[in-house]
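Colleague: Starting from the structure of chain A, add chains B, C and D where the hints point.
Chains as they are written, first to last, in the numbering used here: chain A, 6 to 441; chain B, 6 to 441; chain C, 6 to 441; chain D, 6 to 441.
All clues stand as given, with none of them false.
Put simply, identical chains are the same to the list, so a pair is met inside one copy or across any two.
Straight-line C-alpha distance at most 30 angstroms; calculated DSSO-like pairs for lysine-lysine:
#1 431 <-> 209
#2 355 <-> 262
#3 428 <-> 209
#4 436 <-> 256
#5 431 <-> 256
#6 262 <-> 428
#7 436 <-> 209
#8 355 <-> 81
#9 66 <-> 256
#10 428 <-> 256
#11 81 <-> 256
#12 33 <-> 95
#13 355 <-> 433
#14 262 <-> 433
#15 436 <-> 262
#16 33 <-> 81
Everything labelled a hint here was simulated from the structure, so no lab data went into it. Bear in mind the structure is a predicted one, so any value in this text is a computation, not a measurement.
Spelled out from the first residue to the last, the chains are:
Number of protein chains: 4
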Amino acid sequence: MNPTKTLVLALFTITLSSAAQTPTLTGKWIVTSDYFGTPSLARLTLEQQGAKLTGNFNGDKLEGTVTGNEITFTSKDEDGGSDTLHGIWKNGAISGDIVEIDSSNPTHPDHFTFTAILAAPLEHPTPQRHDFTPTVFRRQFSPLYPPVLTVNPGDTIHTTTVDAGGTDEHGIRRVAGGNPQTGPFYIRGAQPGDTLVVHLLHLKLNRDYAISDDNLDERVLGSHLAILAKDNHNNVRWHLDLTNNLASPEKPGDHMKSFTIPIRPMLGCIATATNPGNAPPGTGDSGGYGGNMDFNDVGEGATIYLPISNPGALLYLGDAHALQGDGELNGNALETSMDVEFTVDVIPGKRINGRRIETADNIITMGLSGSLDDAIKEATSQMADWLHQDYNLTPSETAQFLGVSAEYHISEVADRNAGIVLKIAKSKLSKLTNNK
Amino acid sequence: MNPTKTLVLALFTITLSSAAQTPTLTGKWIVTSDYFGTPSLARLTLEQQGAKLTGNFNGDKLEGTVTGNEITFTSKDEDGGSDTLHGIWKNGAISGDIVEIDSSNPTHPDHFTFTAILAAPLEHPTPQRHDFTPTVFRRQFSPLYPPVLTVNPGDTIHTTTVDAGGTDEHGIRRVAGGNPQTGPFYIRGAQPGDTLVVHLLHLKLNRDYAISDDNLDERVLGSHLAILAKDNHNNVRWHLDLTNNLASPEKPGDHMKSFTIPIRPMLGCIATATNPGNAPPGTGDSGGYGGNMDFNDVGEGATIYLPISNPGALLYLGDAHALQGDGELNGNALETSMDVEFTVDVIPGKRINGRRIETADNIITMGLSGSLDDAIKEATSQMADWLHQDYNLTPSETAQFLGVSAEYHISEVADRNAGIVLKIAKSKLSKLTNNK
Amino acid sequence: MNPTKTLVLALFTITLSSAAQTPTLTGKWIVTSDYFGTPSLARLTLEQQGAKLTGNFNGDKLEGTVTGNEITFTSKDEDGGSDTLHGIWKNGAISGDIVEIDSSNPTHPDHFTFTAILAAPLEHPTPQRHDFTPTVFRRQFSPLYPPVLTVNPGDTIHTTTVDAGGTDEHGIRRVAGGNPQTGPFYIRGAQPGDTLVVHLLHLKLNRDYAISDDNLDERVLGSHLAILAKDNHNNVRWHLDLTNNLASPEKPGDHMKSFTIPIRPMLGCIATATNPGNAPPGTGDSGGYGGNMDFNDVGEGATIYLPISNPGALLYLGDAHALQGDGELNGNALETSMDVEFTVDVIPGKRINGRRIETADNIITMGLSGSLDDAIKEATSQMADWLHQDYNLTPSETAQFLGVSAEYHISEVADRNAGIVLKIAKSKLSKLTNNK
Amino acid sequence: MNPTKTLVLALFTITLSSAAQTPTLTGKWIVTSDYFGTPSLARLTLEQQGAKLTGNFNGDKLEGTVTGNEITFTSKDEDGGSDTLHGIWKNGAISGDIVEIDSSNPTHPDHFTFTAILAAPLEHPTPQRHDFTPTVFRRQFSPLYPPVLTVNPGDTIHTTTVDAGGTDEHGIRRVAGGNPQTGPFYIRGAQPGDTLVVHLLHLKLNRDYAISDDNLDERVLGSHLAILAKDNHNNVRWHLDLTNNLASPEKPGDHMKSFTIPIRPMLGCIATATNPGNAPPGTGDSGGYGGNMDFNDVGEGATIYLPISNPGALLYLGDAHALQGDGELNGNALETSMDVEFTVDVIPGKRINGRRIETADNIITMGLSGSLDDAIKEATSQMADWLHQDYNLTPSETAQFLGVSAEYHISEVADRNAGIVLKIAKSKLSKLTNNK
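This is chain A alone, in the form it adopts within the complex:
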């Protein structure tokens, strides 16, 4: 079975016992349930008019009643699931049981417990700058690790990352390799279903060497290049000239004796923690949550938009590269530690179906899939969504506009997901008439 198909059908009955305190139910809630041992998060919106409750649970409309602090409501999904709730409001939280009927097995309702709390409001106090020195590094984009720092939307964070192998700016190993991350950072007021905005202000090298390799990835090797697969598997150290911003191999071959190349710092990984009901991805993986994207435009000045699956967003970042050609062909780019400074913000209620990137000149979607042939479909589909969502283009206009404006680059071939990015120049977007 493909487990992504699993549908969660929710049937709610919250019974509130009578209480001196009067519940204030209207508002946005976060529901945490224990679904047979698996934690589950859902958005709940309640509208209270006297004893009557309306609203939305996890995307489905609900109706119910309030008697004292005893609450009951039902939501139905389009496949025919239905619900009853018996719960109690107390001190601002609701606790109780869910009875859920799955349309494919209607005679055996599920019973499980839940707790709902009001979602933290999204506020923008005076922005602050935080200097954060990491002491632990994480190897999964997991929602289960405790936040290392809590900040407000609009704040700036200055921190450091270790290299992909776990070594810091002093050359000291701090953690096992595999792209260990700094974080997670908790952003107050961020809720599942919002979008996280990360703007990279500065990426600054903080040591004078990087680690790489001299083989080429399997995805670009046909049998013609087999010699590269068999003979080359050596670590290659590059010297980073921090004054002139140039990289060069420490022990060059005869034809690279004078070789230097300008550095172009970037972050290989940036991610929000994934849904707590699923196995957390390792830090070599990527997906809708971002992750190990290894795209060389994720550098100074770039803005990254990420979907949020947990309260606080839980932002991770790491795997800095002094420089990476397209594709990260050696498996490693020029891997190094880095000083990173960035601001965070939240777009409430905006759902995006994957990571988006914006640079000074372009808006960019990324397809991440098991083959380039599938990745280009995803990159194109996401850009069509973006053009429809934010620029109101019709399908015919989308096709005409992409036909003359599309720029496709290959971002990554060295990981389980291959990446293709679709860039659209802002100079071309500016010629569109953005009305409904």
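Modeller: Leaving out everything else, chains B, C and D in the frame of chain A:
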């Protein structure tokens, strides 16, 4: 960075303090280390001659000395890493520190702790049959869950699995969906680097319905079949006629009113737990460890060979299908609970580079990759390895033999990995001359 | 530009001058035009009622008039093209000029000449058996080569094919290699838009050796199998034991000294000639017309359905294999000459969107594309069409039926197109209720 | 069978009858043979010392003798084929018979006739500029069409191309659509095995409109974008503002009312004629010979390197685009007619294994294959060849250099071959040390 490239270079110095008890070091050991917060397992073989130690650590030769119960040895890898150890033998275990020099950063050795214990011997006592009723079900192929049952090689286990959605033989949901597994089972004496052998004796349906869907997977849909992607996303219940072993849709369309099809029970998932240093895969994923293979020859009478990454092997199984066409085109097959009976065994010291399958008539390799075009390469490469390893075929003979004997089927398209299997008939293998 | 998008928009005005002979226009016509140097074929159906003409030209409705033997009519396509005709009927044929307006360039109509003749009727006289000895062999599936034999629907042809390298049953080279074909055979009454039916009665070896190779195709080689790509490129001769129907290498390696394998004769190529307006494909290529399909079920007893693009269908066949594993992994199968006996028939007016195959047990569609990942989409889409066209399945039923019934095999990896076949057992089809 | 594997093994015996005229044999020859009805070209180098002949035929060493004007020589290939020749030199040409033994069928030698003439010398007289007005347009990259103009290496040609649909600068259709070509041009002294160099001096629009479409190609459509596949198949005319070099849709949708985009003229097709022994490709296809590459860097200032398969090279060009986004997503770019001016030159004896492109800033290789996943392998392999051939990089240096320097773009998705280009900046190449 692609984290699979991370090399672990080990430098050992175990200093044993003098002790009344004389250490017996010759033998096979399992070394567990705490690598900067990440657990790591390695095989260690020691040969003691007086004060001299030789052997092998994690694939590299070692040399060292014993003084009383104080142990020191060094292993070097081919990239130029080197080692020193300072450890103490006590009550059959060795504890101490590892100093590891990574050739890419030789001026900053790593220091971390370890414990080594003698590997449990692999024995075959009189085979037993175990009736095991599961009470918990796992959603990751993780080495961190405690074993539910410990058995000996040669033993038989009879147990049950819930369906892919977490529902048991009584129609009761027991766990969240996503292929929850029965297990892990601990097999005494199994060590990392061995091969686990699972022989499926019986797969028996234990309820009269299965759940499926009526859409087709994205991998087989071009834009020509887009109507199937848009219009069909309905759950479909199938009736299972346990007397006649036939399946039929409970609410058939006009052209399927009389449709019945013979059931062919199979297990979608069978796996060993993965390396403790990596993020554990969810039970929808697959890899060298097996996992969610969704291959319809994994049925009664089949034997599955799996590489072992943890002491005890830690076997999981689940996701039973009453029937599945090639590819599991609906995302779900006919998902149901099942009675499962199987024997386990271990081939010590045999490393295989992926799962292998054997049926009454065929030996079978499986490529699991992000595209069919990559999966066929893996399936073929693994069969070439098998033919070389067990049948001594030369490259030229391999090509000639495969050219006339290969049968490729598509096992799975509905998961993150697509699967292609390469079958070779035993009747054709029997014509080969198997000498060195 | 992708030239397959070129639309032919036809605007007709046929003016018939007055004549003593009265034209009989009602019927099916074949229109041959000279479109700026490129020959073009189109179907024309005319319905004459007094001076009024209605009907269909190349898929578009037409209206017109007849005055004596002077004919005028106009057809319009859905993109807004329109037409005028000025032509003369004489001795059963119509000749004149076409004025065609392309909607994308409406101010510049095209002018070109045409000739229309009544389509030959499709008749089934008493079936005959033809013994045909080929003297020329063709290396393109071209409509320009003269037919070697004209037969009626229902007739049987017995002939021979040379091997893929151009060598005949006496070991004599007759033509350059590259799958030279016997044919084309002209089937009376077959018209563009009909379907050709070829039933293979007998495939009989007529010499005692076959030629093959000992390398593996690039599509199954990852860098892990690179040694097979570099070291093996030797011709391998196989002995064919015609008495016992066994094949064995003439100079076997040590592990294949006793190796024999049953032969299973098949045709690598079977095709109809392609559209005369396009470059004819070489005999190594494949497409909707069939061609070099290299599928090992195209053997004795199989029926092949092919779309027809030219009057007479112009059937080619060749590239016989004594035996081929799935994929034709060595680039060559066991290539040999062959005695072939087959019957031909025509299904008038039935358009199929690609080759179809039927065996004793299965109906089979084939995807042929530049990658396996695209080929599976085509195979599935064609089977969905077949199930809809001939079995009336709805999209939901199609998905449910395929989900439990699909069998995918890989037919071919060694050519420009990779092939995947989708087989459906007739025993499963027989359980469907085939009503509208 | 995969016909590209066919080996031609040549066995020569040329008997020269005594003659008054003394043959001058030393030199480079072009051998044309009639191989059982298929024309074949081969290079022959002869070295005459008295009665003794040495040299090279089709890549294999030869030895032979001369007696008067009677010539005999033999060449052997590495698979064990061998030869005898019996031919006569007369008036500068040699005519006779070839007896060829194929190692896979040694008991049946082939006999066929040949003619050899001295290869035309490659000379560079004072460059000339040719104004050429085409009257015919070709729809195959065929060696069989007569040259339309013969020029010397170093010459400049100014000519025009019709658009992909066959319409010229006056809006008049001149030929059926499908990328009809201007040419072939014959370059004196160019021989099979040389490289053709085409430098594009000027690409100038010569009419004020272009034709395109509003759908997206299947390769970028997943089922999510199915709406674009179903609903959009309209021709779209673009206005070309020749004064300001801007394009805009003639009938824009609401959101493209003010849309303009700078034109960037390019040639979709540029090709040498293919090997006369194979079916000529249609002008929608592409391969080692170039062809329908549809790459938007093939514009003014670009230099294209193409392998030569025929005497005179036989250069074709056409399919001009006013503008094309990456991928040619609409199937058509902005298709228009064009004024083209270019120079030609020849690099004698340099064999390249595919087309190469050079712009002001980059050297570029192109992978053209049935999938993006295969195209990237070809692009990378060809660049590795280039870096080895012209810059002497070792495999390890190649990997390190590509790792930091590679830029991959997607050139084309709308044709049978998908294209990926690998660009290397000349500024990075200039840092290499190019010594042996």
